[in-house]
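Visitor: Which chain is which? The protein sequence lines are A and B, in order.
For the first sequence, the numbering used here assigns the number 1 to the initial residue and increments by one for each residue that follows.
For the second sequence, the numbering used here assigns the number 1 to the initial residue and increments by one for each residue that follows.
Here are the simulated lysine to any residue pairs, SDA-like style, with alpha carbons at most 25 Å apart:
hint: 1; chain 1: A; residue 1: 148; chain 2: B; residue 2: 35
hint: 2; chain 1: A; residue 1: 382; chain 2: B; residue 2: 193
hint: 3; chain 1: A; residue 1: 68; chain 2: A; residue 2: 78
hint: 4; chain 1: B; residue 1: 342; chain 2: B; residue 2: 38
hint: 5; chain 1: A; residue 1: 148; chain 2: B; residue 2: 40
hint: 6; chain 1: B; residue 1: 49; chain 2: B; residue 2: 297
These aren't lab readings, by the way, just hints derived from the structure by calculation.
Given the structure is predicted, the values throughout are model-derived calculations rather than measurements.
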Amino acid sequence: MDRDTIEHIVIPTGQVLVAVAIVPLIIAYLQLVERKVLGFMQVRLAPRRVGWHGLLQPIADALKLLIKEDTTPAMADRALFTMAPIITVIPALAALAVIPIAGQPFELFGYTINPWISDINVALLFLLAISSLGIYGIIVAGWASNSKYSMLGALRSSAQMISYEVPLGFALIGVMMLAGSASMVKIVEAQKSAGWWFVGPQLLGFFCYFISAVAETNRVPFDLPEAEAELVAGFHTEYSGMKFAFFFLAEYTNMIVVSSIVTILFFGGWLRPFPNIEALAWLENGWIFLVPLVAGASIGWLIDQRAGTGLRWMFAGGLAGAAAGAAIGVTDAFGLASAAIPALSGAFWFSLKVSFFLFMYIWFRGTYPRYRYDQLMGLGWKWLIPLSILNVVGTGLAVLLRA
Amino acid sequence: MFRTEEMDINMGPQHPSTHGVLRLKLTLEGEVISDIRPVIGYLHRGVEKLCEHRTYPMIEPLTDRLDYVAAISENLGYCGAVEKLMGVQVPPRAQYIRVILAELQRVASHLLWLGTHALDLGAMTVFFYTFRERELILDLFEAFCGARLTYNSMRIGGLYEDVPAGWFDRVRHFIDIFPSREKEYEDLLTVNRIFKGRTVGVGILKPEDGIALGVSGPTLRASGVNYDVRVAQPYSSYEQFQFDVPLGANGDTYDRYLVRMEEMRQSCRIIRQALERMPQGEVRAKVPKYIKPPAGEVYHVVESPRGEQGFYIVQVAGEMPYRMRFRAPSFVNLQALPTMCKGQMIADVVAVIGSIDIVLGDCDR
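Turn these sequences into a full structure, and let the hints steer you where they fit.
Guide: Below you can see the structure in the form of structure tokens.
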């Protein structure tokens, strides 16, 4: 194979395979993290039987889903019933194609590899388009199941997702105007040259986007389509085994995609905090700051657990750790700070921010009750859409006045 | 141009939010309910008939299985009915311990209600918090009578025996920590916009409808009707305790929530008074070994966590009742469901069922 073939066919194929292989693994463990965090919030232990502290639980779950009987209701439309999970999962995975996880390309075996699969100049439009496609899977699933509960769930879902597409799109326009581009890489670079993350000027846009995105991914407090208390399990009531796993996969992939988009559009993607302040350049190697912080906080938390002193020592330990980390960074002790590899440090900050938003999802789930169908529509149409339009107008005026 | 039709949908008996084996036949226009018919009887065990072939002490374990979430209230009501029939005076210490048990049971039952009600509305965490405290109460019951669900905790004429050593201190510890725990639930729910959105103005029961339908308990008091059996017809020396009867204003789901939350606080208040003024002495009156009440009829009501729990006994002769009849608050309160739900949405049905707090074991008997 000549160099051209490898660069244009082999490497992208490899990237796609890596993404499709790694994301389900991440999701499996994201689910374990979700259960652990929820367990912590709900004063219980969460899984801890399979493997050390339940570390192998996701694998056991995946195996269970694989070998579970795959049933189809007698009156269901077989072809559509089988297609629905596929229609849902493919757009979810396809959205990963335009998500850059770091800024600088890296070298491998003499080839330059980009930390993104593709950097198209209409990435945002692509994302909006592809995420709308996933709704078809849900509608088809609800219809093909030939069950009333599934049908109600599917109807709710389609109404909900179509309503929330609108504020979602409007919220993105503000960012697009500031960055002057719809390419994900360009948007992050625009934030670097602007010197601050777009969450500053686009605070309203961020709120509109994040709330709509939570609704779009059907998560608490907007999990009406699968509201178990009312509709049993909504559109996937009749699904079992791998077909059910596909819906599950799609939901969690969407969560990751949405968190990544929030990170890229509003929180500077792979950029460190305050990307233009040279004095903080040591933050490029983020872990030298975070490892002491987490270690200090963990030790403090353990002391708190023993002594029953609330969270006092945890905060003290965290502060001490942060100070120690900052000291190591500023003085460049052991040459740690200057040893940063750009692609790695970019991926580090990116995954840290994405993890934070994924944590928010779990936090919501532990805190909020569920909206009612009409209230959800009211929130979307009466609040989010006007607010996001206001944001577009405001951003437009500001851009115009500055130019 | 378009043809619209109503959809019939079966909710239950194996639905996650009908709290047991209740079946609802819903007629929907979209998501709006145009008709709702509860179908009951899936848990019918014929307890009333069974009682006709049991001696009086043998009936008490059966009463545990009526309202299994608040078995002690059933025990209290049943024993009270037989004692009234026989004219037995229960010793004051036994009466006070019965009050403590019944009020702890009220808190435990309301905790179960709160957890499942919040779970129905999608708030998962409250459920685990309430079960943490309910566990403490069940431990107290276990220490007292050895059982955690079906207690068979009382005897005709008093109690089987006095409480174990240190039990009162454990109760005191519980009512000391409970207010701060209750605040945790309230932090998650009372001022939560979504929770209020789901409950305020939902499932309104007008006071006149409530009285006409025979509704009782917190469900009726949330509509503003001041009727509490503990005050209206005191039993087991309730007249000696100071407590408020919380009342609602609008009769909606949110008011029923607030009333029950306040009832838990009042229960703690009653328990505290009982602990402070605990009389000394026997815990069991002298009753014959073979209980043969004189012929006659008796009706005795107690305020169970769900409402007015009545026991009607017809005694002709011998050791067994001629006829036993239970007035089940869940059964009576459930018939208010269609009144409360018409014109609401399907998601409101689970909120309203949760707020009536039915137990199907009680309802179907």
